[in-house]
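If you're matching them up, the sequences are chains A and B in order. The numbering used here runs 774 ahead of the 1-based position in the first sequence. The numbering used here runs 164 ahead of the 1-based position in the second sequence.
Fair warning: there could be bad hints in the mix.
[Said to hold, decoys possible] Calculated pairs, SDA-like style, for lysine to any residue (alpha carbon to alpha carbon, straight line, at most 25 Å):
id: 1; chain 1: B; residue 1: K248; chain 2: A; residue 2: K919
id: 2; chain 1: A; residue 1: K919; chain 2: B; residue 2: E229
id: 3; chain 1: A; residue 1: K846; chain 2: B; residue 2: L213
id: 4; chain 1: A; residue 1: K778; chain 2: B; residue 2: K199
id: 5; chain 1: A; residue 1: K921; chain 2: A; residue 2: K778
id: 6; chain 1: B; residue 1: K219; chain 2: A; residue 2: I838
id: 7; chain 1: A; residue 1: K792; chain 2: B; residue 2: K249
[What the hints assert, rightly or not] Residues from chain A shown here face chain B by an in silico Cβ test under 7 Å; the list is partial:
id: 8; residue: K854
id: 9; residue: G865
id: 10; residue: Y911
id: 11; residue: N918
id: 12; residue: K928
id: 13; residue: L931
id: 14; residue: D934
Derived from the structure by calculation, the hints contain no laboratory data. Glycine included, every Cβ here is placed at the ideal spot set by N, Cα and C.
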Amino acid sequence: MSRKLSEIQIIELFSFCKKKGVKHYDLQIEIVDHLASAIEQRWEENPNLSFSEALPSAYSQFGIYGFSKFQKIKEKALRKKYTRLQWQYIGEFYRLPKIIMTIAFSLSLFTAIRLSDNLTRLSLFLLGLYALILLIYFRFFYENKSKIELTTCKSFLQIDYLNSIRGSLVTVGFLPYNLLIIASVAFREFHLSPQLIFFLELLISFLITLFVYILVAMFSYIPKRIKQDFSREFPQFVKS
Amino acid sequence: MGNNQLYKGSLATIILKLLGEKGRMYGYQITQEVKAISDGEFVITEGALYPMLHKLEAQGLLTVEIEMIGNRMRKYYSITNNGKKEVVDRMAEMEAFIRQMQSLLNPKIDLA
C-alpha cells in the first residue's frame, strides 16, 4: 500500500499556496493536486521521506518563478475566453435569422431619429427609457440570473471577474447615448449636406444597435455564462 | 540531455495531441506521460504547463471537469471538438516543419 497524503497535509498544502501568493481557491485546487501527486510519487521511491522534506522538492519543479505567473495568466485567459464568447454571441445577431431583427431595430431607430425635429430631446427620452429598463433589469432579474451564492467564504477568480464586469456597467452602459448626444451637437453646429446627415444618421442607428447588443452580451449573457461554467465546475460550492 | 528550447514552441501541440489520444488527463499526469514517452528527454516544467492549459481552455480547445479523488479535488482536462480540429492543423504544420528541417540539414542528392 503506497503512502498517501493525510487530510491535514492537504490543508497544509492549501495554506502553502496562500503563503506563496495564490489567493484564489480555483487555482489552489490544481496546484495542491499537483504538489500532492508529486509528493506521493517521491514517497513511492523513498517511503521514509518526510512531508516537510518532500514538499520543497515538489515545489522546486515550478521553477524560479514559482506560482507567481499563474494568477496573471489565468486572469488573462478568463478575460479572453469571455471576450471571445461575447463577440460570438453578438456575431449571431448579424447572421440569419437574427439579422432581420437587427435590421428592423436599426431602421426603427433611424426612423425615430429622422422624424424627430430635436435630436437632443430624443436622446434624452431614449436615455430615460434606457435607464428605466436598466433599473428594472438589475432590480428584478440580474440577481436571479447571474448572482452566484456560495456556500463557502473562499475566493474564486471567476467570481472576482463576474464582479468586475458588474462594476464596469456605469462606464460602459451609457456609451451609445454619448454617441447620440455628440451627433446631435455636431448636426446643429456644423452645416452638413442633407445626404451626409442621412448617411450619418443611418450609421449611428446601426452603431447604437451594435452597442446595445454589446451591453446585452456583457451584462446579461456573459454573467449567465460565468454562472453556468462556475456551477458546472464547482457544484458543491453553489447554493441551489 | 534534451534541448528544451526546441520543444518549447510545440508545447501546445504536444498537449493537444496527447489529450486527443488519451482522453482526459490531469496536469501532473501530463508531465509524467510526456516524460515517459520521450524517455525522460523532454520534461515539461510545471511553470509552463499550467499557464498553457489555461490558455488552451480559454481558446475553447480544452474543457475541464473537477472531481473528488480521495481527500482532494482534481481538475481533468479533455479536448473539445474545436480542439480536435486544431490538432489536425497543428500536426500538419509540425510535419511540414520537420520535413523542411530534414531537407535543410540533410539534403539528399537527387540521382534520378
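Each hint tested on the structure:
1. K248/B x K919/A: Since the Cα atoms of K248/B and K919/A sit roughly 33 Å apart, the hinted pair is violated (cutoff 25 Å).
2. K919/A x E229/B: 23 Å, holds
3. K846/A x L213/B: Holds, because 15 Å separates the two Cα atoms, which is no more than 25 Å.
4. K778/A x K199/B: Measuring from Cα to Cα gives roughly 23 Å; hence the hint holds.
5. K921/A x K778/A: 38 Å, violated
6. K219/B x I838/A: Status holds; Cα separation ~21 Å.
7. K792/A x K249/B: Since the Cα atoms of K792/A and K249/B sit roughly 38 Å apart, the hinted pair is violated (cutoff 25 Å).
8. K854: 5 Å, holds
9. G865: 14 Å, violated
10. Y911: 28 Å, violated
11. N918: 25 Å, violated
12. K928: 12 Å, violated
13. L931: 10 Å, violated
14. D934: The hint is violated - D934/A has no Cβ within 7 Å of chain B, the shortest such distance being about 15 Å.
The structure shown violates the earlier hints numbered 1, 5, 7, 9, 10, 11, 12, 13, 14.
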